[in-house]
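Taking the hints into account, I'd like the entire structure generated from these sequences.
Here is what each chain is made of, one letter per residue.
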Amino acid sequence: MKDSHIAVPEGGLDAISMRSGEQQSFVELVSGNEAVARAAFDAGVSLGAGYPGTPSTEILEAFDSLGGRAQWAPNEKVALEVALGVSLAGARSIVTMKHVGLNVAADPLFTAAYLDLPGALVVVSADDPGMASSQNEQDNRRYAVAAGVAMLEPSDSQEAYEFTLRAIEIAERWSKPVMLRMTTRVCHTKTVLRRGRARSIPPPRRADFRRDLPSRVMIPAYARPAHKKLRAALAHIAEWNETADVNRIVDGSPAMGIVTSGISYQHVREAAPEASVLKLGMTYPLPFELIRRFASTVERTMVIEEGDPYLAEAVRAAGIPVGAKTEMFRLGELNVSRVRRILANDVSPEPPLLPGKPPALCPGCGHRTVFSSLRNLGCIVSGDIGCYGLGVLPPFEAVDSIVCMGASIGVGLGLRHALPPEQAKRVVSVIGDSTFFHSGITGLLEMAYNPPPTGHVVLVLDNGTTAMTGFQEHPGTGRTLDHSATSKASIEGLARAAGVRNLHVIDPTLDPAAFERLVKECLDRPELTVIVARRDCLLAARHIREYERINARCN
Amino acid sequence: MRGVTNIVIAGLGGQGVLTAADVVADVALHAGFDVKKSELHGMSQRGGSLASDVRFGHEVFSPMVPAGEADFLVAIEPDQVSVNAAALSPNGVIVEPSQINAEKLRNKKSLNVALLGALSRYLEFSEEAWIAAIRRRLPEKLVEANLEAFALGKG
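The listed protein sequences correspond, in order, to chains H and W. Per this note's numbering, the first sequence starts with residue 2, numbered consecutively. Per this note's numbering, the second sequence starts with residue 3, numbered consecutively.
Don't read these hints as lab results, they were simulated from the structure. Every value quoted in this text rests on a predicted model; they were computed, and no experiment measured them. Each hint should be verified, as a subset may be incorrect.
[To be verified] Restraint-style ranges between C-beta atoms, simulated for each label pair: (1) Val251/H <-> Ser100/W: 40 to 50 Å; (2) Val145/W <-> Glu549/H: 22 to 32 Å; (3) Pro274/H <-> Gly34/W: 44 to 54 Å; (4) Glu142/W <-> Gln136/H: 53 to 63 Å; (5) Ile96/W <-> Pro274/H: 20 to 30 Å; (6) Val146/H <-> Glu142/W: 46 to 56 Å; (7) Glu142/W <-> Arg502/H: 46 to 56 Å; (8) Gly494/H <-> Ile96/W: 17 to 27 Å; (9) Gly34/W <-> Arg546/H: 53 to 63 Å; (10) Gly324/H <-> Pro80/W: 39 to 49 Å; (11) Arg137/W <-> Arg212/H: 50 to 60 Å; (12) Arg137/W <-> Ala498/H: 47 to 57 Å.
[Claimed, not checked] In silico BS3-like links for lysine-lysine, alpha-carbon gap of 30 Å or less: (13) Lys106/W <-> Lys143/W; (14) Lys358/H <-> Lys106/W; (15) Lys156/W <-> Lys143/W; (16) Lys110/W <-> Lys156/W; (17) Lys156/W <-> Lys106/W; (18) Lys111/W <-> Lys143/W; (19) Lys156/W <-> Lys358/H; (20) Lys110/W <-> Lys143/W; (21) Lys111/W <-> Lys156/W; (22) Lys521/H <-> Lys426/H; (23) Lys110/W <-> Lys358/H; (24) Lys111/W <-> Lys358/H.
By construction, the Cβ of each residue, glycine as well, lies at the ideal position given by its N, Cα and C atoms.
Below, the structure is given as structure tokens:
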């Protein structure tokens, strides 16, 4: 190696980079998330929107570091709508979320597919097979089919970069949104990226409004022909996909052919180095003739995929006979050992994973005081998504249900409505600050609108940040994604506006006994109560003070 | 897989597992290898177990070290050896804190880099390459303490 140096942008990416002496090409070791951000930046994406969620969070943070315009929205639905508006204006947009976030954003997604979008709209869904940090392992390839949105699946950072560019190109060619489906290992694994190898795409158009009522206003009279147009576009994309270079055949033995996509491809190449492989880059709409031809060149065809048997079902429905994994491999991530087992049809029990040390609420965390009190008071706790979910683990074991973002309030209300009074009076909903802004506000409206006879107590644990995903800002922090000052939403103000009269704001750590007394008093009254337990996250407090100091100086 | 070196770096959140893995990946990339570095983020930020897989060679496919194929297990926390033992190949080498004279560490937080010093004895990269990677991957004010830690581990 003759010449090597780092070229990490200032304050920027976590990339490991060098200039290769032999090829004189720039080589970097970046995560899939960083690669998506780089592609978005290189393609002139005008705005990136999203809501933080593992494993997707770093995409927008990296996009911001590179100089792109990135914004956290209150939730994924709003993020997708903002991105949709950008695309309607003719500019390029990207919207990022974890798999469950697409449930929240599904409403705009399904109808966005009917619209004609002059600027690209790329929807990144970061799925979490194996649930490293999620409440379910839903397979969002199903969304591509259900919404009628073309979908690309990268298998490493090089493809994450190239497929993001390609998604933009496809979106603009057919004026339709395109999904980029990542998975945890693609998002977070650092692999080699050579940007010089990617084919460039046309520059973005200038944003400019053009009225086009039938293709943008989805009243039934316009939506009916728009649906027909969507199906025609998907048929064209399917035809394009039959010969597109996003799909690749690795020549191997004619005895075994494997159809695969995404991260599974990497495991397959290692588990079966001799096999012929058809690696699909675009997995909706599928290139059935390509798959049929590939299957006809090998003696036996297997589909290897992580999660749901999506590919196997579709390929079989197209009349192409393929083997597939048994149901036990639907659960959890795949890896080389599991792919070897699938190929050998080995369904013997797998060795159990040794449990490591579980995560825990940090020493001194304000949530600890809260869960000690709730446990002492014998509360029935309807929980939510965030660090405070760790209140379910010993020594607290003080969370009775966790479902999805914002569910704590609605589920708590339902429990209050149905349980006998002596139990109903012990029900508390516990929700974090970022989760409250994401989808707790409508729960409060429901509480005030349909109050249970015993009243209800909602505890908002406001630690001043989106802690679990790595300290992102939200509408209640008064700072934007890049930590600069903006309008600050008030939890108390929103509760008051919803019709909640019994409002308390308290730092639970100052006097834990007083906090516990307050919760007990509120539980004893048949009223609607919101208690904001406000204490900055210990890990974020230093940063928060620093941001506030800088922002105060700027104003 | 032939020609691929597999390293698992294990510890608890906050012990520098990811930094150590970044240094190894950086050294391997600059030596001209294909490299993959994989770990699961998320809940491990709250002090839980954390392991990072670094693989390098002519061509690396899966980002995860297959069970029983790790050439090296670097455990920053001694009790993480048993948790990750299934990753280790029969001829695999364990690098752990008992091999370091921790009293000589200027900063206890440099244990991760001291263990890389111990690891470096088994790998083909030059000392200069390791030092360059440490300089690239660690904040400037921590570099000197970590270079000392590396030298201590290397012995």
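State the violated hints by number, sorted upward, taking the hints as numbered earlier in the document.
As far as the earlier hints go, 3, 4, 8 and 9 are violated by this structure, in ascending order.
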